[in-house]
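Undergrad: Each chain, written out:
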Amino acid sequence: MTETPAARDEDRDIVIRVRGLTNRFGEQLVHEDLELDVRRGEIYGVVGGSGTGKSVLMRSIIGLQRPEEGEIDVFGVPMLSASERELQAVRKRWGILFQGAALFSTLTVAENVEVPLREFYPRLSERLLDEIAAYKIVMVGLSPEAGPKYPAELSGGMRKRAGIARALALDPELLFLDEPTAGLDPIGAAAFDNLVVELRDRLGLTVFLITHDLDTLYTICDRVAVLADRKVVAVGTIPELLALDHPWIQEYFRGPRGRAAEEAVEEAEARAEAAEAAEGGAEG
Amino acid sequence: MSTVARFSEAQEDGRRVLRFAGDLTLPRLGPLPQRLDRLKGRDFVLDISEVGRMDTIGAWLLHRTARERGGEIIGADAGAASLLRQVGEADKPIKVRPDPPPPLLRVMDQIGTATVLAGRTMLGLLGFFGAMLISLWQVALHPRRFRLNAVVQRFEVVGVHAFGIIGLMSLLVGIVIAQQGAVELRQFGAEVFTINLIGRAAVKELGVLMTAIMVAGRSGSSFAAEIGSMKLAEEVDAMRTIGVSPLEALVLPRVIATVAMMPLLAFYAAILAIVGGGLFCWVSLEIPPITFIQRTREVVPLTDLWELLIKAPVFGLIIAMAGCFQGMQVESNAEEVGLRTTTAVVQAIFLVIVLDAFFAVFFTSLGWT
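First to last, the sequence lines map onto chains A and B.
When the letters of the first sequence are read in order and numbered with the numbering used here, they come out as residues 1 to 284.
When the letters of the second sequence are read in order and numbered with the numbering used here, they come out as residues 1 to 369.
Any given hint could be a false lead.
[Claimed, not checked] Capping the alpha-carbon separation at 27 Å, the derived lysine-lysine pairs in DSSO-like fashion look like this: (1) Lys231(A) - Lys54(A); (2) Lys92(A) - Lys54(A); (3) Lys92(B) - Lys40(B); (4) Lys95(B) - Lys149(A); (5) Lys92(A) - Lys149(A); (6) Lys95(B) - Lys92(A); (7) Lys92(B) - Lys149(A).
Think of the hints as simulated: they come from the structure by calculation, not from any bench.
Let's have the full structure, built from the sequences with the hints guiding it.
TA: Structure below.
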């Protein structure tokens with residue numbers, strides 16, 4: 001699935017373009033002159049140490065945090081100078097999963113999925129709303145019993161899936177995920193990674209993903225942006241990042257956990273190749 | 001050409017064919033779902049070869065129409081076919097809301113739950129009171145464990161910070177009582193008894209009751225919210241594992257501070273209510289302050305002050321206990337903190353008023369009239 005980024009890709013459409021972004025909280029400078037481009041159809045991972053402003057970056061892009069300076073274009077719409085109508089049109093085209101899933105606690109899971117539909121398309125009939133909510137819930141891998149449950153009755157992993165179902169309600173082109181696998185057990189996290197890739201492949205989504213999870217980075221991200229020193233210090237596939245000489249990147253990916261994730265991926269690939277070869281042999 | 005989703009009907013080879021065109025996507029659907037719902041008959045052929053873009057919602061509409069009307073979808077390209085397959089796989093009956101129980105059963109269920117809950121709360125409060133006495137006893141045995149700093153800090157929050165609002169409130173209540181009383185008493189030419197009314201009402205009831213309500217709203221609620229959020233953040237559990245008793249560290253300082261501050265605040269409130277009444281008498285009834293003070297000293301017996309000083313700490317105990325108890329009951333989520341805070345205030349005010357009635361009967365039978 002990985003696509004090699006090259007200079008010729010530059011004319012492909014860019015879904016998110018950030019230029020010269022500066023964010024400041026009081027004396028503390030979080031971002032300074034930050035730049036990034038997210039291309040259509042890719043899974044774009046953002047990593048960085050704690051406090052490097054990953055969530056602030058996402059909040060700036062989706063308009064919850066007004067940056068001090070900079071330009072942010074989403075789908076070519078300048079987010080900082082656009083009118084409320086233009087913004088609303090952009091909001092129809094993205095879906096967001098917050099870190100804690102941010103489900104509305106007074107509504108059931110299915111009703112949660114219906115909220116954006118009701119908000120943006122008030123003319124849809126009740127019946128169609130219920131049906132859309134139902135198939136979205138199945139699509140994200142929740143069991144049918146989860147529909148009429150309240151968020152408080154769900155486990156963390158189920159809540160994240162319900163959050164994704166809500167984020168996908170409008171069939172968005174762009175999906176923001178803030179630490180989707182944080183707090184999930186390894187099995188749940190792996191399943192979630194698969195879900196993201198599957199949704200991207202099926203629905204042609206572009207995914208902006210903030211994560212700390214090295215396995216997620218290795219297995220699903222097409223490109224990874226490293227946030228350090230108040231800006232994006234490097235963007236690329238993981239092998240490309242590993243070739244760089246940045247101390248933080250080396251420590252992050254070459255640490256014991258990074259190596260374990262790398263080995264796991266290599267092992268999985270080797271196994272897949274072996275299985276393929278065996279299959280070919282059996283057929284031949 | 002517009003890209004709004006639409007379809008046209010035609011009769012071909014004895015079958016009805018629905019020809020779809022435009023974009024079958026959510027923003028472009030328009031009235032298409034309603035039109036599809038209004039269609040009569042079965043066994044359609046759904047021709048989507050002229051459809052532009054399609055999303056899962058468009059695919060769902062096609063899938064549903066085909067499933068319910070025994071239709072057949074033709075002309076799907078690879079992308080559309082894959083979307084149709086996906087929504088087909090995800091087609092499972094799902095309830096959106098839980099089934100509402102039958103009304104009679106629901107009412108009985110609610111009554112039962114409320115009864116059990118009320119019983120549990122009373123028992124819990126009693127148990128909490130007991131646990132608090134035990135930890136008080138333990139602190140008395142080991143005076144070093146007494147958290148003087150925490151208590152003094154609470155003195156400030158519960159007492160000093162409340163001076164402004166309680167003072168203003170009492171002053172205004174004093175003025176209102178005097179004004180309303182004077183209007184009534186004037187009818188009998190007994191305006192001078194306004195002084196009796198203010199003096200006795202302020203010292204005996206109003207000062208302590210209004211203060212209790214204010215303290216319940218200010219401090220009782222904040223105790224519940226503080227302890228509740230600490231429980232949510234597992235701070236209380238952390239305390240336990242380090243060997244610090246939450247009762248000693250969190251509850252006792254708050255209870256002691258409230259019990260100590262309530263009489264002072266209530267006395268202060270009573271005095272300010274009298275001052276407010278005095279101001280009104282001076283300005284409106286032309287009773288000079290000297291006369292007012294002299295008359296107040298004559299008509300307000302000392303037993304009224306004893307009543308105030310006995311009731312106030314008891315009310316303080318109830319308010320602080322209700323606040324801390326409700327805070328400690330928080331278990332699961334942030335919503336519960338709000339709920340428990342409200343309950344703490346309601347419970348405290350209710351218990352204060354009930355106890356006030358008991359005190360009234362009790363002091364009357366003592367002969368303190």
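Undergrad: Next step is simple, just say for each hint if it's right about the structure.
TA: Verification of the hints:
| no. | hint | result |
| --- | --- | --- |
| 1 | Lys231(A) - Lys54(A) | 10 Å, holds |
| 2 | Lys92(A) - Lys54(A) | 23 Å, holds |
| 3 | Lys92(B) - Lys40(B) | 25 Å, holds |
| 4 | Lys95(B) - Lys149(A) | 9 Å, holds |
| 5 | Lys92(A) - Lys149(A) | 26 Å, holds |
| 6 | Lys95(B) - Lys92(A) | 26 Å, holds |
| 7 | Lys92(B) - Lys149(A) | 16 Å, holds |
Violated hints: none; the structure is consistent with every hint.
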